[in-house]
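Colleague: Those protein sequences? They're chains A and B, same order as listed.
Per the working numbering, the first sequence runs over residues 1 to 334.
Per the working numbering, the second sequence runs over residues 1 to 334.
Hints listed in this document are in silico derivations from the structure and should not be mistaken for laboratory results.
Please note that a few of the clues may not be correct.
As the list claims (entries may be wrong) - Computed cross-link-like contacts, BS3-like style, restricted to lysine-lysine with a CA-CA straight-line distance of at most 27 Å:
#1 B:48 to A:305
#2 B:246 to B:223
#3 A:305 to B:149
#4 B:149 to A:231
#5 B:48 to A:334
#6 B:48 to A:48
#7 B:305 to A:149
#8 B:290 to B:223
Unchecked claim - Restraint-style ranges between C-beta atoms, simulated for each label pair:
#9 B:204 to A:310: 45 to 51 Å
#10 A:149 to B:149: 48 to 54 Å
#11 A:153 to B:310: 27 to 33 Å
#12 B:236 to A:33: 53 to 59 Å
#13 B:290 to A:154: 42 to 48 Å
#14 B:315 to A:125: 30 to 36 Å
#15 A:38 to B:228: 34 to 40 Å
#16 B:193 to A:89: 41 to 47 Å
From the three backbone atoms N, C-alpha and C, an ideal C-beta is built for every residue, glycine too.
There are 2 protein chains.
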Amino acid sequence: MKLKTISGAIALLVGMTVQSTSYATDEPISAIKPPASINLGMVELGKKLYFDPRLSKSGIMSCNTCHNLSMGGTDNIPTSVGDHWQQGPINAPTVLNSSLNLAQFWDGRAADLKAQAGGPIANPGEMAFTHTLAINVLESIPAYVREFKMVFGKDKISIDQVTLAIAEFEKTLVTPNSRFDQWLLGKKDALTANEQAGYKLFKDSGCVACHNGEAVGGNSFQKMGLVEPYKGNTKGVEGRAGVTGKDADRFNFKVPTLRNVEMTYPYFHDGAANTLTEAVDVMGRLQLGKKFTQDENAKIVAFLKTLTGDQPNFTLPILPPSSDTTPRPTPFAK
Amino acid sequence: MKLKTISGAIALLVGMTVQSTSYATDEPISAIKPPASINLGMVELGKKLYFDPRLSKSGIMSCNTCHNLSMGGTDNIPTSVGDHWQQGPINAPTVLNSSLNLAQFWDGRAADLKAQAGGPIANPGEMAFTHTLAINVLESIPAYVREFKMVFGKDKISIDQVTLAIAEFEKTLVTPNSRFDQWLLGKKDALTANEQAGYKLFKDSGCVACHNGEAVGGNSFQKMGLVEPYKGNTKGVEGRAGVTGKDADRFNFKVPTLRNVEMTYPYFHDGAANTLTEAVDVMGRLQLGKKFTQDENAKIVAFLKTLTGDQPNFTLPILPPSSDTTPRPTPFAK
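So here's chain A without its partners, still in its complex pose (with noise of 0.2 Å):
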């Protein structure tokens, strides 16, 4: 349905009839369609704030540390540092068309990317700042007042703001044009037979369960080890459950999007998983019961890096520099 409205749009565009068959409708995943109705003032004031590590106590930690968009939106380690090289507990998921998530953070606790962004600039153990701190920041530099007030018309910065130009930023990182996309678009040619027989692959096995929709992924909880316990590091850790309080809800997860998944690694919520090809045999046993063979499993593999779209493409933002009064970091303060 979504993709006769683009396809109407774009036969009205060049004068043509719209067509009402649409072959990627019978396909459990959908193209990844870019962002619509975008505020542009919001997207580029979010983008540098996404960059700005004054909203850390330290100075040297924004958004792009854990979630680097010249590396997929991840920092591509098992889990993050924090301040003070703090170990997280958890590994950190992509950014990466992250505004196609059903809700954000692994146990979903945060309702959409607004409700994230304020997370970790005040979680003690990421940027380990206060949000009244990080507002104090932006107030003393006269640029951003500025920019706030052409963007926002008010004349003063408020939190809300920050985690809602972060969250509009973040809409435009979205990654279409996989090649798998534009084979699911028409493109017969795009994918290799190996690349088709990895998807039937997929399909047949009961991937395509978990990991459907546009992001392939992030539109359900489920729970890790469902057929076979996980073994990998559970410490500290509950899931799903820490939200709901539901003990049925324990070790759940939210299903990671596999788009640009070459690029995410290392793999699952404690990152234990270097490679597709492990992280492919981990979860078709676990999950599904089912052994993969050697050849399966690479032609699986071959199938998911077709999934790798075009990567955000932006300018390096230039951030306004400090006041005379904005508040110094303390990288080295306990």
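Please arrange chain B on chain A, whose structure you already have, making use of the hints.
Modeller: Just chain B now, kept in the frame of chain A:
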């Protein structure tokens, strides 16, 4: 002389007669010229390497961590944070216009940008990696292997190629077109009367004796605390003497560039001065034996802020993903 060459080239381009007079040559500061003779393939490769955190042991620190190109090419904290949150011994100088320095590091121990680039990678207090391990990582990433081969025509990646490419990228990080340079190049209304008065004070008071040339500094070593001894942090910092072994060079430092100085706070080798007002005051007293009045100080600061040029303008590089054989970072291993 250099400016004549440029105006000659411009005159040639637009078919005008070359003028033999050049207003700017009378001034002790000259306008920044865009880099000539740049190897573009090397620049693009070097840009990726500059942003690649896989050149660090932890997998999260890149050149851009401490020389942040969103923040004036520095980290804006007194001394940098290294691997395992180690506190660095000295303020990270800006990478902007560093190609104009007579040597690199505060003590000039690296002859050029290429010699500098290898330092932090292998410094246990900074990126804490080794050159061998860095090359192992790069060699395991097929897209890097191909790009190095395209640029250098060799089958093997070497640390010389890595540092050469990073240095080539850094050569592009000049900041022409500041309001001061526009004024130097003839736009007489580019500076206010107050800013021009500040420049006159800067010259007449003797600041310009050390802060001159294209980079407004960076071209000599000078003692910190010439008239009065410096009261800031001197612990473990010997300056140029550490390189030459001469006692006369104790506490001699490379004069920092004042280009973009509004963005490169805090100031001095120990980052002890938070504001330009403070830095100008200390410099006046310690180096020139002169106590600037509040009005004089403000005028000089106003002039200094006209030295902010066009910041590097480029697309955030997208880095090639690691392969299954890439050695994984070890952020939490000692």
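Colleague: Now tell me, hint by hint, if it's right for this structure.
Modeller: Status of each hint after checking the structure:
no. : hint                       : in the structure
1   : B:48 to A:305              : 22 Å, holds
2   : B:246 to B:223             : 13 Å, holds
3   : A:305 to B:149             : 24 Å, holds
4   : B:149 to A:231             : 42 Å, violated
5   : B:48 to A:334              : 34 Å, violated
6   : B:48 to A:48               : 21 Å, holds
7   : B:305 to A:149             : 24 Å, holds
8   : B:290 to B:223             : 16 Å, holds
9   : B:204 to A:310: 45 to 51 Å : 56 Å, violated
10  : A:149 to B:149: 48 to 54 Å : 51 Å, holds
11  : A:153 to B:310: 27 to 33 Å : 30 Å, holds
12  : B:236 to A:33: 53 to 59 Å  : 57 Å, holds
13  : B:290 to A:154: 42 to 48 Å : 45 Å, holds
14  : B:315 to A:125: 30 to 36 Å : 32 Å, holds
15  : A:38 to B:228: 34 to 40 Å  : 56 Å, violated
16  : B:193 to A:89: 41 to 47 Å  : 59 Å, violated
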